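Colleague: Given the structure of chain Z, go ahead and fit chain P onto it with the hints provided.
Residue numbers (the working numbering), protein chains in the order written: chain Z, 1 to 994; chain P, 1 to 91.
If you are wondering where the hints come from, they were derived from the structure by calculation, not from laboratory data.
Predicted model, so just to flag it, every value in this text is computed and none were measured.
Certain hints may be false.
As the list claims (entries may be wrong) - Derived contacts from chain P toward chain Z, CB cut-off under 10 Å, selection only:
{"no.": "1", "residue": "15"}
{"no.": "2", "residue": "26"}
{"no.": "3", "residue": "31"}
{"no.": "4", "residue": "32"}
{"no.": "5", "residue": "62"}
{"no.": "6", "residue": "84"}
{"no.": "7", "residue": "86"}
Claimed, not checked - Covered, in the sense of this in silico footprint (three residues per stretch, anywhere, with C-beta under 8 Å from a C-beta of chain Z), are these stretches of chain P:
{"no.": "8", "region": "36–44"}
{"no.": "9", "region": "47–59"}
{"no.": "10", "region": "67–81"}
Stated by the list, open to error - Which chain Z residues face chain P? A few, computed with CB under 8 Å, are given here:
{"no.": "11", "residue": "699"}
{"no.": "12", "residue": "700"}
{"no.": "13", "residue": "740"}
{"no.": "14", "residue": "744"}
{"no.": "15", "residue": "881"}
Idealized CB from N, CA, C, for every residue including glycine.
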Amino acid sequence: MVGRAQTHRLEKGGLIDRSAPLGFRFDGKTFAGFQGDTLASALIANGVKLVGRSFKYHRPRGILTAGSEEPNALVELRNGARREPNTKATTAELYDGLEAASQNRWPSLRHDMMAVNQLFAPIFVAGFYYKTFMWPAKFWEAIYEPAIRRAAGLGRASGVADPDHYDKAWAHCDVLIAGSGPAGLAAALAAGRSGARVILCEEDFVVGGRPLADGGTIDGMPAAEWISRTLSELAALPDVRIMTRTTLFGVYDGGTHGAIERVNDHLPSPPEHQVRQRLWRIVAKRSIVAAGAIERPIVFAGNDTPGVMMASAVRSYVERYAATPARRIALFTNNEDGWRTVETALGAGLQIAAVVDARPDVSPAHRALAAKAGFPIMNGSVGGVDGGKHGVRKITVSLTGGARAEVEADGLAVSGGWNPAVGLTSYHRGRPKWQNDIAAFVPDSAPPGMVAAGAANGAFSLGACLRQGFAAGAAAAQDTGRSGKAGTAPAADDEAFSLTPLWHVAGKGKAFVDYQHDVTASDIELAQREGFESVEHLKRYTTLGMATDQGKTSNVAGLAIMAAVSGKSIPETGTTIYRPPYVPVAIGAFAGHHRDENFHATRLTPSHHWASEQGAVFVDTGLWKRAQWYPRPGEKDWLESVTREVKAVRGGVGFCDVSTLGKIDVHGPDAGAFLDRVYINTFSNLAVGKARYGLMLREDGIVYDDGTTSRLAEDHYFLTTTTAKAGLVMQHLEFCRQVLFPELDVQLTSVSDQWAQFSIAGPKTRDLLREIVDPAEDLSNEGFPFMGAREVTLRGGIKGRLFRISFSGEMAFEISVPARYGDALARNLMLAGKPLGVTPYGTEALGVMRIEKGHVAGPELNGTTTAADLGLGKMMSTKKDYIGRVMAGREALVAPDRQVVVGIKPVDKTSRLRSGAHIIPKGRTPGPDTDQGYVTSVCFSPVLDQWIGLGLVERGRERIGEIVHTHDPLRGEDYDVELCSPVFYDPDGGRQRG
Amino acid sequence: MRIVCPFCGERELGEFTYLGDAKPVRPAASASEDEVFDYVYLRDNVAGQMSEYWYHGGGCRAWLKVTRNTLTHEISAVEPAAGVGARKVGA
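Looking at chain Z on its own, in the form it has when it is part of the complex (with noise of 0.2 Å):
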């Protein structure tokens, strides 16, 4: 890309590298810039002015700031799925064929149709949204809304999927330290020199705080200097971390702080298999607050002009950037610092056009400064600004006796003084105190283990930076036990820092607090006359402070006005409570690698790979993909599949795999005792080598999880739970072992990722298991009665286990094999059962099979049922005490007119049943008064050739083969259905026991 020359751009100096100039396009314009440039810079050196529009005005509006509190200077960065809206130019570095737009205008930034906003300034007040558009109620959502959305827009999102990778990260350290200012460098020199692990966060993209544009002497040497040796003496000392590009943003509990890393924000792109940015989790013991503080406004008429900036971002454009925002510039400061901006300008070979300085007086060393430079120095304050989206041309000035000036000037440069950025410090619901000499809110409190230091703890000077920097980083080095020796602290001047307190100037025009939110002072003089005096309700009621810079240049200001109004102290008046992020995160950074088909684990059963290669469908089941149903070429839908594959169970021999049932191990001489306390049912007193169904409870009597345990051994059972509770049965056995009864001498052993189970049934699974266990293994009914369970070895002579327990009404077995063997067994089952005609069923055959049998499932273990309700009430032993066993008594819990599992079929037999529907007694108007229960599960029955199902209805056992109706509103469906038995195949069991 070729670029327009750089007309303000100066002949040398500034941190740019004029050997590698870059191109730009800012609303469809060319633009050239240096690497090291921030977008805003760049701008600036083009002599751009006019960035954006005002988010409720349309005002034009150019750059303010040098840093990220920068409220005006939004852009829409990058094209495409990457383009990022209210992107801060002052941040964006610079890169070779970045594009940006403006924002918040239409149809161009020069020629803003929206402007016409400013007319109709007066129904735009505080709270205007709420006053204006209260009637009709109904036109809100339809008109209003969706006006004022469109009319005060921030940027746009890109609307489709993020290209780009985000990273998750931890990192531990003695000592973390927030900014690379004179403070923060002199913490990690003495925090490393005392042997501490350090971590030292910078947002920037260079080292160096302020004195990268203010200079100043430390040691003996220009800052810069210093500088460089400092970080030569950091990078070799063994534990010390620099990260640049890295917003600390929170502090939370246990010394855990949030930072987002930038890492490739300064790319076009991140490069391949890099990620774009990265969110640390920085465990530190002690935390150093090293932030600085950022430069306030003076709120008068006109004062977001494209031109006005701030004095110390004038500064940092000239000696940073080596880049004029003006030729002729004004100064108006209420403060010392301000007069930096004199030098700089003098320096750089720029005109001043008057100093206006709200102090009293000036010293005579100013004073000589002036006459030889020839600029007047007047006293009093800036009234007004002429000029628009052109940017500055004059200024009025209001002197003290009340006498006006103009001066004409191209920018003005205003310092209102410093606030210490007491974000981090006031995250856990500290409070900011009130100091009086610098007029600002510094520090009171701060988390656990976490100190403020240097311009953000309210020192303002280079040497009271430097030494409180260091005495921090000394100290908590100690805190943490390194002893070493942390030397002496580096040493510079402790300029004078003074400053009468300005924060607004009274006179016709809009004078803005929050630029982002178009908030003036006479929207706070407003909001305090209709009684929104407290600061939180000022907040809201004006929305000061609330847009994406979270105040960072207004808040102060705002408090101070409000004050002023109120006639209390701003200490009085108070801050509104500092929550984090410091700066914007993007989701996508919390978010991480945890998207799409990341955004949980998946886990896979032994058989999955077999079962893709065989075209099964896979449903999620918790973190499971599980084979649905295996469909064969031909097959119209899965119900032809589900129903061929329960055919040929019912008729033959298939299998399935189970593995994803939670299984855990139980051993010890008290392993049946404990089991007794956490079933409702008696284990110590089943036999070696048998297999028991049971249920268990949670504390309040309700249902909780159900499967079979084992015993293999006198001390060693075996039990599964279901799939969806395989982790929380084992929490709840774990906590009933070792909290509630650890007199038992039991330990548990979860082993579900051991072992994989494949559940073989149909008539002819012992010819197909007879190929599988080694010929030795007596399956008979005898030697292998039903719900018999033990060790078997397999042919070849792996060890496996081996259990006659049947979920499908079938002769069946469940075996286990260590899982690394599940694949092999899956292969082997279907090899040896091809002359059998062995199917492979999936999850849907498996749920028809045990509808079919009345077995309950998750939808009827519901966590409102109790053991009676599913059938199983005499299960409940009275001999024992068991969880849930008294709370189970409860008169609700026993009353006769619980919804009971029933069995469920449809009087019209080419119906089909729905989950869901509601249960009605026949000629009743369906309503709350007259429901009874619902459908918790359905199938279509191969056997009895319709669809069935099973429901939890009122007194449900007592009322079979009555005859009631089914309500479905969502399908608009109802029927007569048959309350019956909901055992509906083969109700003697002779099948599973043959």
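Modeller: Just chain P now, kept in the frame of chain Z:
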């Protein structure tokens, strides 16, 4: 928040699961329905020091008794919860 597990050392909150008040003791088998009701449902809403059950599911699977200030999240003690919810012999 970070919890110093007596078995694993200092670990991050995400490894732990919260259960709640560690004060109630499970009543004897002979206890009345009212006593068990209190055990299951009645909890103090403490503003200040509270002993709580935490489960180190992401580590050693130990149940821990954590003494935490509910106002500041400051943790003053962590110990194994062995037997904390059990009736003491003779009680």
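Colleague: If a hint holds in the structure, say so; if it does not, say that too.
Modeller: Here is what the structure says about each hint:
1. 15: violated, 12 Å
2. 26: Result: holds, 5 Å to nearest chain Z Cβ.
3. 31: holds, 7 Å
4. 32: It holds, given that the least Cβ distance between residue 32/P and chain Z is near 8 Å, below 10 Å.
5. 62: Since the shortest Cβ distance to chain Z is 7 Å, the answer is holds.
6. 84: Because about 5 Å separates residue 84/P from the closest Cβ in chain Z, which is inside the 10 Å limit, the hint holds.
7. 86: holds, 5 Å
8. 36–44: That given contact holds, which follows from 5 residues of the region 36–44 of chain P lying within Cβ reach (below 8 Å) of chain Z.
9. 47–59: Result for this restraint: holds, n = 3.
10. 67–81: It holds: at least three residues are needed, and the region 67–81 of chain P offers 5 whose Cβ sits within less than 8 Å of chain Z.
11. 699: Where the cut-off is 8 Å and the nearest Cβ of chain P is about 5 Å from residue 699/Z, the hint holds.
12. 700: Holds - the Cβ of residue 700/Z comes within 8 Å of chain P, reaching about 5 Å at its closest.
13. 740: holds, 5 Å
14. 744: violated, 10 Å
15. 881: At about 4 Å, which falls below the 8 Å cut-off, the nearest Cβ of chain P leaves the hint on residue 881/Z intact, so it holds.
In summary, the numbered hints that this structure violates are 1 and 14.
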